[in-house]
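Chemist: Chain by chain, the residues:
Number of protein chains: 2
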Amino acid sequence: MAPLKSWLQIDPKSHFSIHNIPFGVISTSANSEPHPAIAIGDYALDLLVFTQENGFKALSAIQPHQAVFSQSTLNPFAALGRPVHKIVREYLQSVFLENGPFPEVLEKNEQLQKKALIPVGQYKTHLPMRINDYTDFYAGLNHAYNVGVLFRGPANALQPNYKHLPVGYHGRAGSVVVSDTPIRRPNGQILTNPTADPKVPIFSACKKLDIELELGCFVTKDSALGQPVGIKDAPQHLFGVVLMNDWSARDIQAWEYVPLGPFNSKNFGTTISAWVVLMDALEPFAIDGLKNDTSLLPYLDEKDRKSHYAIDLEVKLQTASGKTSTISKTSAKNLLFSFPQMLAHHTVGGCPFSVGDLMGSGTISGESKAEKGCLLEQTDNGKTEIELESGEKRKFLEDGDVVTITGVCGGEDGAYVGFGECVGRIEPALHFDA
Amino acid sequence: MAPLKSWLQIDPKSHFSIHNIPFGVISTSANSEPHPAIAIGDYALDLLVFTQENGFKALSAIQPHQAVFSQSTLNPFAALGRPVHKIVREYLQSVFLENGPFPEVLEKNEQLQKKALIPVGQYKTHLPMRINDYTDFYAGLNHAYNVGVLFRGPANALQPNYKHLPVGYHGRAGSVVVSDTPIRRPNGQILTNPTADPKVPIFSACKKLDIELELGCFVTKDSALGQPVGIKDAPQHLFGVVLMNDWSARDIQAWEYVPLGPFNSKNFGTTISAWVVLMDALEPFAIDGLKNDTSLLPYLDEKDRKSHYAIDLEVKLQTASGKTSTISKTSAKNLLFSFPQMLAHHTVGGCPFSVGDLMGSGTISGESKAEKGCLLEQTDNGKTEIELESGEKRKFLEDGDVVTITGVCGGEDGAYVGFGECVGRIEPALHFDA
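Chains as they are written, first to last, in UniProt numbering: chain A, 1 to 434; chain B, 1 to 434.
Keep in mind that the hints were calculated from the coordinates and are not lab data. One thing to keep in mind: the hints can contain errors.
Since copy identity is lost for identical chains, a pair holds within one copy or between any two.
Said to hold, decoys possible - Keeping only pairs whose Cα atoms sit at most 25 Å apart, straight-line, the calculated BS3-like set for lysine-lysine is: (1) Lys207 - Lys163; (2) Lys199 - Lys303; (3) Lys291 - Lys199; (4) Lys221 - Lys108.
Kindly produce the complete structure, drawing on both the sequences and the hints.
Modeler: Put into structure tokens, the structure is as follows:
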């Protein structure tokens, strides 16, 4: 498709082209209370100001609901449902369109531009949603296989259930933070001599701090206890997608995780990108995920619907030296189960959902080393080192390291639909005095 | 101690003696919006009405905070902290005390009695707290041992980490429901032939639906990301305790739980009792838990503080025949780790907490068969049957079964501190058409 053109000057490489219109929550010098916005080029459009100044005057359908843009999270907007998201997003696109239908709203309204278009650097982003529950899946087939090989060898790499259902676990909703929140290296119990008998842990700062490259997807509809969401209806229950870094303490995890799964090794922080890319914005980039050679039960059968997205993902590491290296490049196609399948599985026994609940995809890895989405895989659990472009080396993250995940769809200049950045800087562990 | 006497007629066997004063959330015919109350004898004292009618006039310390009693959950009251809970509870005790200091508040105020003292049956209880995050631990040593024997034999029954840290997993906050909420039998993937190769699951209603007898404890203080709660401070972070039934689908669990832990086998419903018994009310019944023969790291060392409670627990099962049998009797002393230890461990790596977050103890079992807190243990995973007092038999729960957990401290007539009931009735699985 030929890219749409905006009257606003937007860098043709911007993630936030007029094709995107992602939603987030910002605060500004004029209003320190978090409130909704969209990202467009190098600006945020402050939706609270835009609403107060009657920016939605040409969109009668949203007028009874305009209070959603004076809230501190996107949950009330999300709760309006996908048909409303679609008309709001398309209206905002039309407001920015060159020779668009509503020039008087913003293009010819310099006063409103001055008040509502906030340049990058002059706003702060906040967690976009109130997250009631957060679930992390494990749908990255290559990741699951690689990790399985590390711990159980190639013959038993994947557990027998792996291809039959999207394996997942409940995460800690309260420790999901927005991009740019510092991440403190956790303390905890680790085994320094795993072959000793008996095994006796020590108290230590994590020595194997890792990243996990993931996508997150927010839910936009409540579903009641005891009421499954069918696979056909599931897409209407999805609000939008963010990048996610599921920071992981591999040494704490190795000791704690039997028999009930990861706990303190994951709950010290999970970073998401600030701007929620709506499902409708991703739709042009829908593709198949990885082929599942296992026959699925009907409640998971999408019947050839394309529910994955061609998102190019990249992980960069900046060390204390200030130099930045790319440490992973992969694609979001590397998932065995889609978000609709995850939701259908999650609710099949009656688990309820609330607007704002978050599902993580699991670590996304391609097949080659350069496509692996965590250091555990890249360094064989610290047995080898990766060499950074700067010449420095890493087994796991060091204090002061800054990890940046980016993700973007599309290749034509001016038509990118991207996620911006998901950034976290590692702070030294707390000196702990029990 | 000699029991305190109230001017209100209270059955000497009541769980809600003047020694207790548990807090909950009710709605009434006069006010259908959920609002706070306490339970006393066969009544709820409606705290919204009590506040509106100036019932706290003799307690100046609470006056700036009275809005907490017009909220739909106890979170704002909990957030005031334990010193405030203590004075409010003691004030309410004094209001009900025979020959107490404030007879004009309620005892001599028949009009307020009529408006604010709501008899059992004339109010409905609601979930007492807004639960942001819910964690379930596994601190019942006998349970963990018994289950370990079932699946791994006696030599490896307990995992190497078990006595070093309170093992736990994140649960689904959104599926925690208040007593008397019906529980629908979940559908899901189960293996009918676990020894087949390859293993192929079927879609089925759960055939091994089980209970788990637990305590839950609510947190009363926020703690920030990256900020551990020390073991010394942890008790001040606890609000109160409830009974909990962590319904479990054993067949779904067996297939899904590797490698990330229980998921759909637990998230279809977790029932808690309606009245939160404050930590101060439990303090007279503080005892040691089970002795841990493993030396703990300092961050978990309570230094001989008694942080467990002598709560007599009982599970009753009423079948469709209408007959009720006791299926388990045990004590809350059967825990290896206390709630302060759970909180200290949970936060040691920096996991944040919010007021209203819930921690479950894990299944509480004694050593003998009659003291086992779930059917998995009692029937060796369905290999044997238990005989009910009615002559009926059970391996696992059947549709229409009603499970009631009770818990009570104290033995002197008129001085009981109890939890009331935690009740759930099993409804048939949904007919599922994918």
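Chemist: Quick one: lysine 199 to lysine 303, C-alpha cut-off 25 Å, is that within a copy, between copies, both, or neither?
Modeler: This pair counts as between: shortest inter-copy Cα distance 23 Å, intra-copy 49 Å.
Chemist: Checking lysine 291 and lysine 199: alpha-carbon separation at most 25 Å within a copy, between copies, both or neither?
Modeler: Cα proximity of lysine 291 and lysine 199: across copies only (20 Å, versus 41 Å in one copy).
Chemist: Treating 25 Å as the Cα threshold, decide for lysine 207 and lysine 163: within, between, both or neither.
Modeler: Classified as between; 23 Å across copies, 32 Å inside a copy.
Chemist: Checking an output row: lysine 221 and lysine 108, CA cutoff 25 Å. Within, between, both or neither?
Modeler: neither (37 Å within a copy, 51 Å between copies)
In summary, the one numbered hint that this structure violates is 4.
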